[in-house]
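Protein chains: 2
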Amino acid sequence: MTIENLSSNKSFGGWHKQYSHYSETLNCSMRFAIYLPPQASNGEKVPVLYWLSGLTCTDENFMQKAGAHRMAAELGIAIIAPDTSPRGDEVADEDAYDLGKGAGFYVNATQEPWSRHYRMYDYVLNELPALIEERFPVSDVRSVSGHSMGGHGALVLALRNPERYQSVSAFSPVSNPVNCPWGKKAFSAYLGNDTSEWAQYDASLLMQETSKFVPALVDQGEADNFLEEQLKPEALEAAARQSGYPLELNRHEGYDHSYYFIASFIEQHLSFHARYLLQS
Amino acid sequence: MTIENLSSNKSFGGWHKQYSHYSETLNCSMRFAIYLPPQASNGEKVPVLYWLSGLTCTDENFMQKAGAHRMAAELGIAIIAPDTSPRGDEVADEDAYDLGKGAGFYVNATQEPWSRHYRMYDYVLNELPALIEERFPVSDVRSVSGHSMGGHGALVLALRNPERYQSVSAFSPVSNPVNCPWGKKAFSAYLGNDTSEWAQYDASLLMQETSKFVPALVDQGEADNFLEEQLKPEALEAAARQSGYPLELNRHEGYDHSYYFIASFIEQHLSFHARYLLQS
Chain A
12 MTIENLSSNK
22 SFGGWHKQYS
32 HYSETLNCSM
42 RFAIYLPPQA
52 SNGEKVPVLY
62 WLSGLTCTDE
72 NFMQKAGAHR
82 MAAELGIAII
92 APDTSPRGDE
102 VADEDAYDLG
112 KGAGFYVNAT
122 QEPWSRHYRM
132 YDYVLNELPA
142 LIEERFPVSD
152 VRSVSGHSMG
162 GHGALVLALR
172 NPERYQSVSA
182 FSPVSNPVNC
192 PWGKKAFSAY
202 LGNDTSEWAQ
212 YDASLLMQET
222 SKFVPALVDQ
232 GEADNFLEEQ
242 LKPEALEAAA
252 RQSGYPLELN
262 RHEGYDHSYY
272 FIASFIEQHL
282 SFHARYLLQS
Chain B
12 MTIENLSSNK
22 SFGGWHKQYS
32 HYSETLNCSM
42 RFAIYLPPQA
52 SNGEKVPVLY
62 WLSGLTCTDE
72 NFMQKAGAHR
82 MAAELGIAII
92 APDTSPRGDE
102 VADEDAYDLG
112 KGAGFYVNAT
122 QEPWSRHYRM
132 YDYVLNELPA
142 LIEERFPVSD
152 VRSVSGHSMG
162 GHGALVLALR
172 NPERYQSVSA
182 FSPVSNPVNC
192 PWGKKAFSAY
202 LGNDTSEWAQ
212 YDASLLMQET
222 SKFVPALVDQ
232 GEADNFLEEQ
242 LKPEALEAAA
252 RQSGYPLELN
262 RHEGYDHSYY
272 FIASFIEQHL
282 SFHARYLLQS
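Residue numbers (this note's numbering), protein chains in the order written: chain A, 12 to 291; chain B, 12 to 291.
Think of the hints as simulated: they come from the structure by calculation, not from any bench. Given the structure is predicted, the values throughout are model-derived calculations rather than measurements. Fair warning: there could be bad hints in the mix.
Same chains, same names: a pair is fine if it fits in one copy or spans any two.
[As the list claims (entries may be wrong)] Result set (DMTMM-like, lysine to aspartate or glutamate): computed pairs, CA atoms no more than 25 Å apart in a straight line:
1. Lys76 x Glu233
2. Lys195 x Glu240
3. Lys56 x Glu264
4. Lys28 x Glu278
5. Lys28 x Glu233
6. Lys76 x Glu278
7. Lys76 x Glu264
8. Lys112 x Glu35
9. Lys28 x Glu71
10. Lys28 x Glu264
11. Lys195 x Glu220
12. Lys196 x Glu248
13. Lys195 x Asp104
Just need the whole structure built from these sequences, with the hints factored in.
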């Protein structure tokens, strides 16, 4: 397996780099970005935070806009930002921003025409970490975070695979996709109309039944245009109450759905993950 | 004069906002961005850092990518990011990225077809601050900074108007435009072939003759692809030696021309400006 380096930028004493590689899981060429803190240049194997972006994003949005490198460099944590869907001319798509390319929803599609490429759940859970841990000076100590659709992905990955992640956090996650328009549209297309298949990708349904508690932090802006119709943090809170999950969910007056919100609180998320990543 | 609010995002307890207004100087409608720190919501008049962006940029690049809001909020400094040229269908343009829209070079054009709209020097020096100081909770205490073409603009504005700015800084500035391809192309078009007209917009020529010293900080990446052909920091250093200008110019191994370099050192620039902005 070969990977190709596409760009390199020194940042806060470490390195931001983009790579492309052929994904066997997704049956297409994929791009990802990595931030390697200065400690990784000194022979240390650093732990890794996986960042899952929201609708329409690529590997670039978080790296350029979140202002995360400063604290990642200070703490000695690598960050991986995968793309949000399979890519390429041969990959099925829709004109809509919330289905197809840029909208993989971190599920394994079972329906035509999506099932050949849209397997972002397996890609982020297995193939990408295996590649990262083979090729870069990182350990197998992982946490996961994300925004909106990516917050949904982060919560689902951690809740279903508590042995794989030290901690999970999310900004403005799609908390109960089986009950919101984005989730219903995407899950109908990717997973079909049997809604019993959807539950495995719904953070609230998973959280209300689990007994394995990965430390979890969620932040939500109260001026977020998508709050009531799409995000539904109250469903996640109800699920946590039901299972006794020690969820920390904070609401912030005036903040919206943008990267300005993420930037304002990313350092708190990195510090949260550091508590679990750096003790392992 | 009316200004229209186009967007608002809460950021680090303050507000990032975009506005449009009709510019009498540029004879077209212009957009700018402002970051107002939390202190500005408490009735304080905060000082202002003007940020001038580089080729191809708009008011958005710095606000989204520099990670400047965190320290601006901590220090209580507002930031204004104007666009990099006049805009609109009626404004002269070229296909090239380094002439016309996105490439105003912070000069007052005297040549056709540019002279009707391309007057970014006057716009940034006079019209924009007058508007900002009338409409927002800011003082008339100003500093100026910028990147590449905008670093050139910042240095020229401060060197020619030491009474208007408390301090100046630049990342990777076009330090000696009369002697580099970007500058020669733009100045020929905007100012004509009489090179004696160019000197008023050349930071090195201005610095070597001035006796009024605005505190000045310049940072330059050594892996910058434009370093030797376009930026020429050695010309600025030679000018400073000639006039005894107390220029602080730092070179940084491995850093390139990107916003990752700016983000890595923007907090040092904000702290530098704060020394002069907050004592006034």
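Tested hints:
1. Lys76 x Glu233: both (21 Å within a copy, 24 Å between copies)
2. Lys195 x Glu240: So Lys195 and Glu240 pass the 25 Å test inside one copy only (12 Å; across, 55 Å).
3. Lys56 x Glu264: Answer is between; shortest inter-copy Cα gap is 24 Å, intra-copy 39 Å.
4. Lys28 x Glu278: both (21 Å within a copy, 23 Å between copies)
5. Lys28 x Glu233: between (34 Å within a copy, 18 Å between copies)
6. Lys76 x Glu278: Intra 13 Å, inter 16 Å, cutoff 25 Å: intra and inter.
7. Lys76 x Glu264: Cα proximity of Lys76 and Glu264: in one copy and across copies (21 Å, 24 Å).
8. Lys112 x Glu35: For Lys112 and Glu35, the Cα distance is within 25 Å only inside one copy (18 Å; across copies 44 Å).
9. Lys28 x Glu71: both (10 Å within a copy, 23 Å between copies)
10. Lys28 x Glu264: between (35 Å within a copy, 17 Å between copies)
11. Lys195 x Glu220: within (21 Å within a copy, 68 Å between copies)
12. Lys196 x Glu248: within (24 Å within a copy, 60 Å between copies)
13. Lys195 x Asp104: within (17 Å within a copy, 46 Å between copies)
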